[in-house]
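Novice: Chains as they are written, first to last, in the numbering used here: chain S, 1 to 349; chain E, 1001 to 1297.
Everything labelled a hint here was simulated from the structure, so no lab data went into it. Only a predicted model underlies this, so the values are computations on that prediction, with no experimental measurement involved. Please note that a few of the clues may not be correct.
Below, a list of computed lysine-lysine pairs in the DSS-like style, where the Cα atoms sit at most 25 angstroms apart [to be verified]: (1) K1167(E) to K1186(E); (2) K26(S) to K291(S); (3) K222(S) to K1170(E); (4) K1168(E) to K1093(E); (5) K222(S) to K1292(E); (6) K1186(E) to K1168(E); (7) K1088(E) to K212(S); (8) K1186(E) to K1088(E); (9) K1170(E) to K1088(E); (10) K1167(E) to K212(S); (11) K1168(E) to K1194(E); (12) K1170(E) to K1194(E); (13) K1292(E) to K1170(E); (14) K212(S) to K222(S); (15) K328(S) to K1168(E).
Sample of chain S residues at the chain E side, in silico, Cβ under 8 angstroms [said to hold, decoys possible]: (16) E80; (17) G125; (18) A132.
C-beta atoms are modelled at their ideal positions from N, C-alpha and C, and glycine is treated no differently.
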Amino acid sequence: MNKNVLLYAAILVFGLAAPFLFPAFKVQLSILCVLIVLATTWNIQGGEMGYNTFGNILFYGLGMYLCASVQVGMFFPLAEWTESGGEKTFVHTPSQFFQGMAAGLVVAAVVPTIVAGLIGYAILGLRGHYFAICTLGLGVAAGEISGGIEIIGAGQGFTTPPFPNVGGLEARGEFFYFLSFGALVLTFIAVRAIYSTRFRLILNAIRDNEDKAEAMGIETMKYKIIGWMVSAFFCGLAGGIMGGLVGYIDSTDVAFDGREMGVFMVLMAILGGKGTLWGPVIGATVFHIFKEGFWTFFLGWQYVALGVLIVVIVIYFPEGIMGWLREKYPERFGEVVDEADRKAQVELK
Amino acid sequence: MDFMVFQYPMITVQACLDGILLGILFALIAYGMALQWGVMNIINIAQGDLVILGGYIAYFMYLYGIHPAWGVIVSPIIMYFVGVGIYKLVINKVVDRDLFISILATFGISILFMQLMNFAFGADVVLANSGYGTTFLFDSAVVLPNSKIFSAFVSIVFAICLVIYMKKSKLGRAIRATAQNARAAKILGVDTEKVYAATFGLNAALCGVAGALISITFTIHPYMGLPYTIRSFMIVIVAGLGNLPGVAMSGMGLGVFEEFADYILGTEFRIGSVFLLLVLILVYRRFKLSRKREYLK
Chain S
1 MNKNVLLYAA ILVFGLAAPF LFPAFKVQLS ILCVLIVLAT TWNIQGGEMG
51 YNTFGNILFY GLGMYLCASV QVGMFFPLAE WTESGGEKTF VHTPSQFFQG
101 MAAGLVVAAV VPTIVAGLIG YAILGLRGHY FAICTLGLGV AAGEISGGIE
151 IIGAGQGFTT PPFPNVGGLE ARGEFFYFLS FGALVLTFIA VRAIYSTRFR
201 LILNAIRDNE DKAEAMGIET MKYKIIGWMV SAFFCGLAGG IMGGLVGYID
251 STDVAFDGRE MGVFMVLMAI LGGKGTLWGP VIGATVFHIF KEGFWTFFLG
301 WQYVALGVLI VVIVIYFPEG IMGWLREKYP ERFGEVVDEA DRKAQVELK
Chain E
1001 MDFMVFQYPM ITVQACLDGI LLGILFALIA YGMALQWGVM NIINIAQGDL
1051 VILGGYIAYF MYLYGIHPAW GVIVSPIIMY FVGVGIYKLV INKVVDRDLF
1101 ISILATFGIS ILFMQLMNFA FGADVVLANS GYGTTFLFDS AVVLPNSKIF
1151 SAFVSIVFAI CLVIYMKKSK LGRAIRATAQ NARAAKILGV DTEKVYAATF
1201 GLNAALCGVA GALISITFTI HPYMGLPYTI RSFMIVIVAG LGNLPGVAMS
1251 GMGLGVFEEF ADYILGTEFR IGSVFLLLVL ILVYRRFKLS RKREYLK
């Protein structure tokens, strides 16, 4: 326990100091924080509950649009803003910007949670691959439909309010870094707290055998919906932050980007190890570093690399990094290993 | 919103005919999906990308001066080998695994194909001009391009040929046996590995035919694959596996639905409405089944 406290303190200190240690990588670090949040929330669903979703991108995109719309709509007419270059005519004062951002983030987190609760009963009754394809459809449909709505910019996109002119050149990067790092810390604490309760056991029971869990008297539907709502809350929050960070929202390329972000969150969680607390964190970090390498060196070939990466990870590495570590060092994970048994297994191999 | 549909009855006729001709094509793709789903229990997200690849083969024949209708013969032959290649490289490693693994793996293939096609053929919307002219019906109130009629006719011919092949030939029998019980088929001397490869190849060949026809009648674009996957998935779950008349009917129904969605909601919501329809169908079936305390399997 003592060791854990030290570890968390070290990570927290490193996280707080990171933007000053690596000032050139502030945006990358902020994106990393958002990616970890997304992978962790996907893991609640895909890893712990066994409901593999492609649809969490729905909440991410919803949060992104909601945060920006609230931030603009609180002070200026939204339709005029999106019509053509509203950001040039209307300027947020610093206090307006921060108030709008705060209100926007609250809405961006709360509304997707409500949406998840409302559609949860209908969607979560599906199982296995039907659920996966249904959520894939939801994400793509949301992207296509939001691309046709005029007030949020339709096909031409939505420019989020530019950062106000306060606190020097570095202020924007630092603001968004600490915002996303805050979201990461909040997510991690919340998820860790959730995982230490009976709730995690219920989710695992649903994953392992839903019918039996139901027969044991667990109201599976209730817990499935709650699990989805928790994911939606943090997904929406991450989306809201990412919208401000990117500065420009497009329906299919940024917000409801099932081809990129929607797959990334699945891939990161699987790479790190499904159904573990640290797996998504490690997976997201490794993936982000790896991806940035590809994105700069393999310019233009990144999606080809991504496709190959998905196939390779899924086929050859489905247990992920944590799963591999667990197999290699079971003692570290608190599993009691019979020495003789292990030797026999090694000899068999 | 455009309410022309209700004011001019001829537009309704036009939309229905267009939809039925389009739906026959969808049914052909869905038949391929039902085949491999039934035999290998794999949902191939890359189905639509195979269709688009088949379309590009016909388009390139058109570019080099060969009539694109020959693509209907050439494209399935090439696509058969592409399909077998994908099977040998990827699919045979995920056949017996968790379904989500196969969905994710084929999703990866889909992204890979999408991007490779984007590199190889460019991001332009293209079509192969067949030069078949148009047919006018009802005092030229209804306009039907002959290429659409041609494509529907060819799809029906291919579907019938395949059904006969599956019933009569030795391979067809082996495929059906494997679909019923893979283990029993193996015991009785069927090389299931070969059957799986052939099934995936046949599916890809069907996609090739459909793609060649789509490149003649409509347009193709590297990123247009996913909607075809979703459409065929939808048709299969509405009709059920192994219900061939059902596949044809629900294919046509989907085609008509799409044409009307196009007229009423506007073209920008066409793809969105297809995906939304998928969600609605799944949710409807879920509620219907949950009354009997069952779920979609």
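Novice: Each hint should be assessed against the structure and marked as holding or not.
Specialist: Evaluated hints:
1. K1167(E) to K1186(E): Holds, because 20 angstroms separates the two Cα atoms, which is no more than 25 angstroms.
2. K26(S) to K291(S): Between K26(S) and K291(S) the Cα gap is close to 16 angstroms, so the pair holds against 25 angstroms.
3. K222(S) to K1170(E): 51 angstroms, violated
4. K1168(E) to K1093(E): Violated, because 30 angstroms separates the two Cα atoms, which is more than 25 angstroms.
5. K222(S) to K1292(E): Given pair K222(S), K1292(E) holds - Cα atoms ~19 angstroms apart, limit 25 angstroms.
6. K1186(E) to K1168(E): 20 angstroms, holds
7. K1088(E) to K212(S): 38 angstroms, violated
8. K1186(E) to K1088(E): Satisfied, since the Cα-Cα distance of roughly 19 angstroms is no more than 25 angstroms.
9. K1170(E) to K1088(E): 22 angstroms, holds
10. K1167(E) to K212(S): Violated. K1167(E) to K212(S) sits at ~41 angstroms, over the 25 angstroms cutoff.
11. K1168(E) to K1194(E): Holds, at about 18 angstroms.
12. K1170(E) to K1194(E): Holds - the C-alpha atoms of K1194(E) and K1170(E) are around 13 angstroms apart, at most 25 angstroms.
13. K1292(E) to K1170(E): 40 angstroms, violated
14. K212(S) to K222(S): Holds, at about 16 angstroms.
15. K328(S) to K1168(E): With Cα atoms ~53 angstroms apart, K328(S) and K1168(E) exceed 25 angstroms; violated.
16. E80: Given a least distance of 22 angstroms, the restraint on E80(S) is violated.
17. G125: Holds: closest Cβ of chain E sits about 4 angstroms from G125(S), inside 8 angstroms.
18. A132: 5 angstroms, holds
Of the numbered hints stated above, those contradicted by the structure are hints 3, 4, 7, 10, 13, 15, 16, listed in ascending order.
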